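Read in the numbering used here, the sequence shown has 395 at position 259, and its numbers run on one by one without any break.
No lab work stands behind these hints: they were computed from the structure. Keep in mind that a hint or two might mislead.
Result set (DSSO-like, lysine-lysine): computed pairs, CA atoms no more than 27 angstroms apart in a straight line [said to hold, decoys possible]:
(1) Lys396 with Lys194
(2) Lys194 with Lys252
(3) Lys252 with Lys235
(4) Lys386 with Lys194
All of these numbers come straight from a predicted model, not from anything done at the bench.
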Amino acid sequence: MNFKRDCTRREALGRLSAVAASAAWLSSTRWAAADGTATDDGPVHHFRYALASSMYGKCELREVMEQVRPTGAEGIDLWPLVHGNQREQLDEWGEDRFKDELARLGIRLSCLTQYKLGPFGLNDEMALAERLGCSLIVTGAVGPKGLTGDALRRGVDEFMTKMRDPLARAADHGVTIAIENHGGGLMDSAESVRCLCEAAADKPLAIALAPYHLPQDSEDLARLIRDIGPRLVMFYAWQHGMGCMEAQPKEQELLQLPGKGDLDFGPIVAALAEIEYQGLTEIFMHPYPRGVPILDSTAEVTSQIIESRDFLESLWPA
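Using the sequences and the accompanying hints, generate a full structural model.
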């Protein structure tokens, strides 16, 4: 890893043993798949896909779950309000009914996304994840935005201090907490991602990487992926395009998807192949307003996800 750009080389060298221990710990966690991901009648894919329920807005939970295999995913990522409401639907269903539906469809609960609860409010969610055989929860960090250098390192260290108890509980439940990089917060830069990776040491804390929230430079993103290495457990195949913060024609909104906008995913996919990436990948975007499907019908959403998936697969190095 080359941390010289963002954290001092002395600090990086001093933590290499912790990073190595972290890599060993992460490789042993339950999110690492033992086999490839295949559709019922299709080939094994290079990526392990999870299907973000928010792509379908507030669609009925069973209907979204039925799209997992057709999209080539191995499991579902349940999103709550405001982006979707499938997590709330799980509560309405009850755990037994949800487990039965997972078994009927031959899929798993791959992830619970919980920005609303934040990293310090996940106690009940971690217990639920364990009961449902899910080993990954994605959330955001808490701390000042726009930090760099020593101020950033202090901010990350303060965040990690506050995360001691949540991470201890995560380890007890067999859950990894993945922090997404996000504009307007502590994890708003590539530098912050690298520093968090260092500070995480052997803790069950990982990275959910969202290219949307970083400068749209594919080579820089590829370098970041190589630096994150085994700490990367969720990759959002998601570019900025024309953004997602205001109403715009649908063809412009869809520029967030792989193969639609200007971001060159080639170097990014090459970097994922180079690190032998075994985490989850989601074809992803945000619609405007939040809580609506990215396209009018379930069939259209699924078809678009498949199109973007096929584009991503086509970039895998021969």
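Now the hints, each set against the structure:
1. Our distance criterion of 27 angstroms between C-alpha atoms is met by Lys396 and Lys194, whose separation comes to about 24 angstroms.
2. With a C-alpha separation of about 17 angstroms, the suggested pairing of Lys194 with Lys252 holds against the 27 angstroms cut-off.
3. Distance restraint check for Lys252 and Lys235: the Cα-Cα separation of roughly 24 angstroms lies within the 27 angstroms cut-off, and the hinted pair is therefore satisfied.
4. Proposed proximity of Lys386 and Lys194 is supported: the alpha carbons are some 19 angstroms apart, at most 27 angstroms.
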